[in-house]
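Sequential numbering from 203 applies to the sequence shown in the working numbering.
Source of the hints: derived by calculation from the structure; they are not laboratory data. Treat the hints with caution; some may be incorrect.
Unchecked claim - Pairs of lysine-lysine, BS3-like flavour, derived with a Cα cap of 27 Å:
1. 228 - 270
2. 542 - 587
3. 552 - 259
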Amino acid sequence: MKVSFLFHLYQPSFQTEAVFRDIFNKSYNPLLKLIKTHKNFKVTLNTPLSLLEQMDKYGYTSWIEDIKDLVNTEQVEITGSAAYHSLLTKIPTEIAEKEIILNEYGLGYYYGRRSGFEGEPSVLIKDLNGLFPPELATNMEVLNILDTMGYKWLLCDETALPQGSSPNLNYYGFNDLDIKLVVRDRDLSNMISFKRDLNTDDVFAAIKSQQKNHCVIALDGETFGHHFKEGVLWLESLVEQFSMYDIETFLVSELNEEIDDHNLTTIVESTWGASASEMAQGDVYPMWDVPGNAIHKKQWEFIAELAKFAPEIGEFTSASASYESIPVWKLGEETDPILKASKQNVEFLKLFNSDQFWWSSNKTLPFGKTLYDKGILAGIISTQKTYIKTYIPENDNFSLLTKLDDLEKTI
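Taking the hints into account, I'd like the entire structure generated from these sequences.
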């Protein structure tokens, strides 16, 4: 039996320092120590720029360097994603591409090289094979974008598979695309996500009972230590149990090399939040675009209007060598027109985060937490207003500010 774990580690750009440090101490650092201690435990990680930026800002660069070392020894692999956690399926293609490109640049800056092969300023990263779309929001348009960009695989939920697809495969190809679809095991992933006791036998038995000879388990990395206090200890027990019974862990890209004959012609637009029954009712975004949710309606109306004002610059840095290795997410007040435009692009992308919809969904999770936080929503609206007043001329920004004022009255 072969198992691939993919852990999604993410904190929004507006996270407070106190909360970030708390999660680092309870989850990110213990998780890193576990991986380093168990040399046969291979893990695929999604660490978007939003997370790495804060790791850097709060002094956790040694954590980044340790992950980089684990990548070099091929015990860990890193996935691409959206820099600031937007729903790639719900925004215009050109904005989705910017999110992905900026994230690649951030991963290269922190995990790759900051000089070219002849010593010139450059940001380079190798072997970025797969992509984790925020909230596993997936459709054919996103798949085509990634195929064009050279990605080898895209992670999705089981609900992305068309009716009649083989239930015992993790990987699907397409006749006219090079990219493959990697399907997470929903039941196993959710079983671990909502685990709140130290018993590993139930999960171990569920893995052993699989009809397929390998499975992909994908969930939030914060499950271990933050959501579940004893989660890292539980995970360590499971890893040790694996070693006793010859269950191997593999990077997702390693399993992806096992080519299946089953090809798809299309996929279903989906997320990892929608149940099969919700999907059947057309409710693809149960935490992000809830039918009848007045806040969501106003949020998406604002996002659609905001997208019309996307900055025109296509890149985050100039072709000039002097700009090639600048961390554009760190820029302050800039007078250089190229850097100023790059900074605007970064600030623009932050406004599309999925968190604003998550915290206004009013959904109740299995352990009783209700997804509504007026303080977070007010903070996001304030950031959006600041961007509009800073970058969009007064004669153009009236409709945007009006929509935000209306939204503010609704939360």
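Please work out if residue 228 and residue 270 have their alpha carbons no farther apart than 27 Å.
-> Within the cut-off at roughly 21 Å; holds.
Restraint status (C-alpha distance of residue 542 to residue 587 at most 27 Å) = holds, 19 Å
Residue 552 paired with residue 259 [C-alpha distance capped at 27 Å] = holds, 17 Å
The structure fails none of the hints (numbered hints given earlier).
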